[in-house]
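Undergrad: Given the sequences, and given the hints that come with them, work out the whole structure.
Chain by chain, the residues:
Protein chains: 2
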Amino acid sequence: MNRPALKTLSKVLIGSICAAMAIPASLKAESESKADILNVADYDVLPDGGDCTPALRKALEKCRESGATTLLFPEGRYDFHPDLAEEIYLYISNNDEGLKRVVFPLVGFENLKIDGQGSEFVFHGFISPFLVEDSSNITLTNFSVDFDRPFHSEAIIIGWDEDGMEVEIPQQFPYEVRNGLLTFTSGEKETGPLTTVSKGTVYGSGHMLEFDTEKRETAYMARDYYFKTTASYPVKKLDGRKVLLRIPNLVGTPGNTLVFGPNHRKHPGFVLTRSSDITFESVTIHHAGGMGILGQLTHNISINNCKVTPSNGRMLSTTADATHFVNCTGYIKLTNNLFENQKDDATNIHGIYAQVTRKTAPNQILIQLKHRQQHGFDLLRPGTEVEFVTGKSLISYGRGIVKEFNRINKEYMQVTLEEEAPAELVPGDAIATIRDYPEVTIANNIIRNNRARGMLLNCRGKTVVENNTFHTPGAAILFEGDAFFWFEQGGVTDCVIRNNIFENCLFGVWGKAIIDVKAGIHERKEESRYNRNIRIEDNTFRVFDDTPLLNVYCVDGLTWKNNTVEKTDAYSPTPRKFDAFNVTYSDNVSIDTKNPY
Amino acid sequence: MNRPALKTLSKVLIGSICAAMAIPASLKAESESKADILNVADYDVLPDGGDCTPALRKALEKCRESGATTLLFPEGRYDFHPDLAEEIYLYISNNDEGLKRVVFPLVGFENLKIDGQGSEFVFHGFISPFLVEDSSNITLTNFSVDFDRPFHSEAIIIGWDEDGMEVEIPQQFPYEVRNGLLTFTSGEKETGPLTTVSKGTVYGSGHMLEFDTEKRETAYMARDYYFKTTASYPVKKLDGRKVLLRIPNLVGTPGNTLVFGPNHRKHPGFVLTRSSDITFESVTIHHAGGMGILGQLTHNISINNCKVTPSNGRMLSTTADATHFVNCTGYIKLTNNLFENQKDDATNIHGIYAQVTRKTAPNQILIQLKHRQQHGFDLLRPGTEVEFVTGKSLISYGRGIVKEFNRINKEYMQVTLEEEAPAELVPGDAIATIRDYPEVTIANNIIRNNRARGMLLNCRGKTVVENNTFHTPGAAILFEGDAFFWFEQGGVTDCVIRNNIFENCLFGVWGKAIIDVKAGIHERKEESRYNRNIRIEDNTFRVFDDTPLLNVYCVDGLTWKNNTVEKTDAYSPTPRKFDAFNVTYSDNVSIDTKNPY
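Chains as they are written, first to last, in the UniProt record's numbering: chain L, 1 to 597; chain E, 1 to 597.
Hints in this document: simulated from the structure, not taken from any laboratory.
Hints may be right or wrong, so weigh each one.
If you only want the chain L side, here are some residues facing chain E, beta carbon under 10 angstroms, derived [to be verified]:
no., residue
1, Glu87
2, Leu338
3, Leu366
4, Glu527
Quick caveat: nothing in here was measured; it's all calculated off a predicted structure.
We put the CB at the ideal spot given by N, CA and C, even for glycine.
TA: What follows is the structure in structure tokens.
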């Protein structure tokens, strides 16, 4: 990914320093000597309420120079502010690109463990906690990540009519009302006059969703309210911390919590880019301004015994997916984790489709990264193998090797192939990379109370999902992928879902069935088969009504075997449009039971 | 200024290519041979309504390779879209930094004339027309710059009460009303569903100002309405293209035009950075998303026979200053130009103060660029001479030489000096550079109908302002400078203002007098003298009431001689707080006349 020049030059330098200092893994197996451990306290990184950012920068530099393999934090609360943080322009798939202040810029590191020994890392303002880039064998362990002022805000619903909704905003979410607009703020007093260049610190919101305050989950059948890029909402100021949202057709249950999602995903908790062998062990993410952990182009990622969970009585943890992986390779292991109250799915593992704009020569095509949050993605290298895919029917009809490419800007690339592009290629088709698709293990996790779905399985490597408990308002497991809107490459080839408990899922609006096997196929449905070889065995489905269990679309090879269905009275029944099993445009589907309802 | 790595590397390469190809000025004097002229038509840059951006990129590359000294456009209308434009991260003083799509990226060029031969250059969307960086001897001539959809919007005032104002929005300013919010748009239809990542193309606004529709100038005594970073305004949709702005306390005259200023300055028309000998001749700027021409760290700039003026019946030209110059050197010549209807001053020529955060060693200080729109400014080099200035009283109390500096991020720098910093230095003081302050010539220009002031004179080089006609709602000429809010280094040392006509100025709220000599001095007024040696001679002041002619504060040396005052009835008189001449905390001030009123 691009970044300011000075950064990159230093990165190259750093790279070689590290290479020179890298200690062979064989030696590292032995117990670490004192010299290998760098205690941050020795560099004035102190849990005293002050800004630890500048001292940490020095400690990390020292880590590089000394080749220390462990950065140790004495247990305590460490505060990090953006003022003196390193600045890097980052492209972060499915989050927002931009020039970020990064507190832990782990760029070009090898063999480093960051051990918080139970510490809390508290971040202030618009700041990015962790970047791991062009690094290998990095372990993050025994600490929590939180923000003192979260990027989202919350309010308690008092009442509503067709013209608007009255809410009360708790103390921990600062706001102001000016010129009839509600703006969430940092709570710090602005100085100086308001001018044509005034900005101030605005916690802009572009989304609202009702949560059940008692159950601490999305409200029964609650729908998203989306607003086009806005910072503020029209309101009438009422007494105390009450305002009347002057927005028609908002509905909600008095006493429930209205969560105002941010209008950005600028500050995910952990960004992993072009790295390898990254391990998360006993890390808690209370909040992030975007996804919790975003891995892109990274080889071997393990997340074990971690938590994504809110702090301070907040309803929300991360403001987007808990974890998300794009064009990764090797393995992805999610084991023994808790993922709760994030404002989107627990995970999504997929690739990226770039759209073909046009053929510019027999062996040359102009391609575009269409999805705004894929811009700048480091998709191709000379030698990369790509597949050609029809845009509306997702049929992979050819392959090619990238000879060279010219990056026009973050959005467009001119690609030259070793040989001619397929004759049938037309504008609107897509390309994606053929690679060492990761082997996915998702085991012994609890996923609950978040917005939308549980796991999005869109990876062609062997995928095993077992011994997890799902309580999601949408589909617990979703298969998708399309080449015309999200541009996410998916299509499993070997997927097992076994011994999981699906606990009263689908009490919300996000999905057709508890296990929903979709695909963005709008043409040639009779012939296009996207997901393959899915086995669903020995799972328990607890359902509060005739909840659709399985939706299957354009699949070749699916087995439903020995699963148990139990009825509960957790929620009132809903009018369901679908049967327990819905199978369309699919081959070799075997279901060992009749409709249980 | 920083930029993505690939850019900079290529820039270095380009630099050497150019150096190799540079043709000595002596030879250039002779009439150009055909080979020196590159006709864009030969590179498929055609005035046919299509996107000329990619073909122009090729033409500019060819220009580099061939060392052509003239890029010639056959007369016509050329359209430029952002899709395939080059992308560069730009820090632009007094405008907004960011990753820009630049249509004319003149980086590392020497000896190039771009001759439009009367062509119109029309830009579409969020795009930056011209960047001249690390270049020398560049001439821009015979073309106009406009945007098909301006960054501002306009509406006609129908009526108002204390709760809001009813307006009607002309066809040429597309908008939509969703969820009670008015959002100005591109007018192009959005495709796909609205999601958590939707943005769409929003022409966000953060400022409103009333203009007199008949006189085509800011309405008599109209005030700015500022809104903190907002994209949209709360409204009630009425019939046709009418809306009720649900914002309390808006006032205006029915039939007048309410101008919605953009909430950004992302796309100034021309950005000049670290360049020399830049000439504008017969260039018309109809619109820009920020300032018209912004020069920074540039040596010798001439703008002659140019126009900043609106097109298509719009009330506004550029959405900020017509021209603006920061830390420039050599000369700045503004001659024979028309500057009208821009949303801020005609020019401002100043330096930058960085605030001292603290002394970190006897010869080391941490400094901060405080003003958001000065972030990333390339202020210092090893060897740069700096002055130390008291923050609230602007007293320059010492000097030093920069030995080295460490850029922490775009906002903070650690500066090491050759010798110890002055003992009296305290946090809150400022530093600015001592340099070859430009000689300023402002002659034979017409300045009228814009928001705010005419010329801001804050340059220590010899400054001559003569034979201009000013019709500005605020001060025609303003001297300022401060080290605690705008952080603009000023303080003239030799300034002549002669033979100008001041035509019914100060019919608005921006200034205390037609010539307003201010300074950001809040302490030690008795001793601090900021502006020096100002001569105001042989000018004509046409005034519609007892308009204050001159305000003088903390000045040493000012002469008012042989100026004529004539009364008009252009506007109804206003209650004035000040006398014709107001002189405070100043020395050596000579005024050759009594109060003319």
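Undergrad: For every hint, state whether the structure bears it out.
TA: Structure-based check of all given hints:
no. : hint   : verdict
1   : Glu87  : 4 angstroms, holds
2   : Leu338 : 23 angstroms, violated
3   : Leu366 : 8 angstroms, holds
4   : Glu527 : 26 angstroms, violated
The structure is inconsistent with the numbered hints 2 and 4, although it conforms to all the rest.
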